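4 protein chains.
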Amino acid sequence: MYQTVIEPRVSETDGVGHINNTVVPVWLEAARNDLFRLFMPDLSFDDWKMIILNMNVDYVGQVYFGIDVTVCTWVKRIGNTSLQLYEEIWQDGRLCVKGTVTYVNYDLKKQKSEPIPDLVRKELGSHLY
Amino acid sequence: MYQTVIEPRVSETDGVGHINNTVVPVWLEAARNDLFRLFMPDLSFDDWKMIILNMNVDYVGQVYFGIDVTVCTWVKRIGNTSLQLYEEIWQDGRLCVKGTVTYVNYDLKKQKSEPIPDLVRKELGSHLY
Amino acid sequence: MYQTVIEPRVSETDGVGHINNTVVPVWLEAARNDLFRLFMPDLSFDDWKMIILNMNVDYVGQVYFGIDVTVCTWVKRIGNTSLQLYEEIWQDGRLCVKGTVTYVNYDLKKQKSEPIPDLVRKELGSHLY
Amino acid sequence: MYQTVIEPRVSETDGVGHINNTVVPVWLEAARNDLFRLFMPDLSFDDWKMIILNMNVDYVGQVYFGIDVTVCTWVKRIGNTSLQLYEEIWQDGRLCVKGTVTYVNYDLKKQKSEPIPDLVRKELGSHLY
Numbered sequence: 056m057y058q059t060v061i062e063p064r065v066s067e068t069d070g071v072g073h074i075n076n077t078v079v080p081v082w083l084e085a086a087r088n089d090l091f092r093l094f095m096p097d098l099s100f101d102d103w104k105m106i107i108l109n110m111n112v113d114y115v116g117q118v119y120f121g122i123d124v125t126v127c128t129w130v131k132r133i134g135n136t137s138l139q140l141y142e143e144i145w146q147d148g149r150l151c152v153k154g155t156v157t158y159v160n161y162d163l164k165k166q167k168s169e170p171i172p173d174l175v176r177k178e179l180g181s182h183l184y
Numbered sequence: 056m057y058q059t060v061i062e063p064r065v066s067e068t069d070g071v072g073h074i075n076n077t078v079v080p081v082w083l084e085a086a087r088n089d090l091f092r093l094f095m096p097d098l099s100f101d102d103w104k105m106i107i108l109n110m111n112v113d114y115v116g117q118v119y120f121g122i123d124v125t126v127c128t129w130v131k132r133i134g135n136t137s138l139q140l141y142e143e144i145w146q147d148g149r150l151c152v153k154g155t156v157t158y159v160n161y162d163l164k165k166q167k168s169e170p171i172p173d174l175v176r177k178e179l180g181s182h183l184y
Numbered sequence: 056m057y058q059t060v061i062e063p064r065v066s067e068t069d070g071v072g073h074i075n076n077t078v079v080p081v082w083l084e085a086a087r088n089d090l091f092r093l094f095m096p097d098l099s100f101d102d103w104k105m106i107i108l109n110m111n112v113d114y115v116g117q118v119y120f121g122i123d124v125t126v127c128t129w130v131k132r133i134g135n136t137s138l139q140l141y142e143e144i145w146q147d148g149r150l151c152v153k154g155t156v157t158y159v160n161y162d163l164k165k166q167k168s169e170p171i172p173d174l175v176r177k178e179l180g181s182h183l184y
Numbered sequence: 056m057y058q059t060v061i062e063p064r065v066s067e068t069d070g071v072g073h074i075n076n077t078v079v080p081v082w083l084e085a086a087r088n089d090l091f092r093l094f095m096p097d098l099s100f101d102d103w104k105m106i107i108l109n110m111n112v113d114y115v116g117q118v119y120f121g122i123d124v125t126v127c128t129w130v131k132r133i134g135n136t137s138l139q140l141y142e143e144i145w146q147d148g149r150l151c152v153k154g155t156v157t158y159v160n161y162d163l164k165k166q167k168s169e170p171i172p173d174l175v176r177k178e179l180g181s182h183l184y
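Line by line, the protein sequences give chains F, S, Z and W.
Take any residue in the first sequence, note its place counting from 1, add 55, and you have its number in the numbering used here.
Take any residue in the second sequence, note its place counting from 1, add 55, and you have its number in the numbering used here.
Take any residue in the third sequence, note its place counting from 1, add 55, and you have its number in the numbering used here.
Take any residue in the fourth sequence, note its place counting from 1, add 55, and you have its number in the numbering used here.
Be careful, since some hints might not be right.
Remember, identical chains collapse to one label, so a pair may be satisfied in a single copy or spanning two.
Under the rule of at most 27 Å between Cα atoms (straight-line distance), these lysine-lysine pairs were calculated in the DSSO-like manner [stated by the list, open to error]:
#1 K104 x K131
#2 K165 x K153
#3 K153 x K167
Because the hints were derived from the structure by calculation, they are not lab data.
From a predicted model like this one, the values you see are computed outputs, not experimental measurements.
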């Protein structure tokens, strides 16, 4: 499991007084930086490989400003060219968000998907849900 | 169907060169303003009723900077207290995003869900998928 | 003067109940799309030329959700390689924001600033403050 | 001086390949959380006091994805009801952003500015530039 602590920002709240729902995908993506490094070790955008296919988010509880949140990122399924993650956001001992996201390992220049390399696959295996 | 035209912003692109995936929920929510007005005619945050429960987004094709997009918003299902929408984002004749989102009509002060009023239900019925 | 109408989004408000101050630079940049087209007609990021040097924003009045805003963009000063804009945001007949921004016409590959072309200079001249 | 470490997000980059200029005010505000706590110890939006009047940002150098940044926040001037900060963003030993921001201690319900309390003034004094 990857674990990332995020401090909520005023600009991430909305008029209702909580963290706006559109911030959740931003935090979930922010918590994937280490995983992105597996596929693109220098994080260069010229050779970016991780293309998102689907995102599903369950909003289980409100998230508040003023208290750090923890994003937990697990690998749920490793396919030939694709990858599914399971993610949770916790605040103050409460589970607030559950989500899954699916990426494909895609070469944007060749416009085709590529098998996930064995070394990456092995490392991903150590973060299984 | 509600239809909303949005002009992409430089700040909504990312290093890969397209619109970042986290912008999609922002645009989809932006296109729900008229729907929010049904539940909260003065759009006051003090009596905000629409609480999001789930969001599911299929990223079907890249979205580019420099070309307007159109967000289409349909009502998919009207429950007793909840509401499901089906949404699409189109650019230049291409379907780029398909999504569903579920809201509950919720009184934040009383902390309980409320039946969707008949008048709102009738208006929602004219936007069915 | 360039004029751009923007519909505020729920995600652009904050817990205080107004549009968050960090959204103002986003709107001001969004209203520069036509100006960006002068320097980069195809809006390609590979040959992006407009690099921001300074931004100054006066927050004159609150901006609210639920009412469209108009962004007005004037050219204030055209230098040899740089460009200063004066910008205002209006809502409901009230001036809410006044700002200036300075860009340089910069070739990122050669890492050097370039004179603003005469044709662009002429067009900019028709938007002077 | 307040010091805040921030990990750049993919969603904060833009098509040119660097951190978008509109993200800078977001990071600067994020680094003011401890300062906000001085004025509003429970960070409640119902009694929010810090209203922004002016922001000035010098973009000195590009900020990149993949390397943490440090935001430094100093108190530059303490007036009767207002407060000016001086802020810097550093990345990898390079100064990337210099900015000043002015806030007023404002009671939104009474719609009037209020003197900065002595205890807050004393604490602010320990963060002078």
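Consistency of the hints with the structure:
1. K104 x K131: within (19 Å within a copy, 34 Å between copies)
2. K165 x K153: Between copies only: 25 Å across, 34 Å inside.
3. K153 x K167: This pair counts as between: shortest inter-copy Cα distance 22 Å, intra-copy 30 Å.
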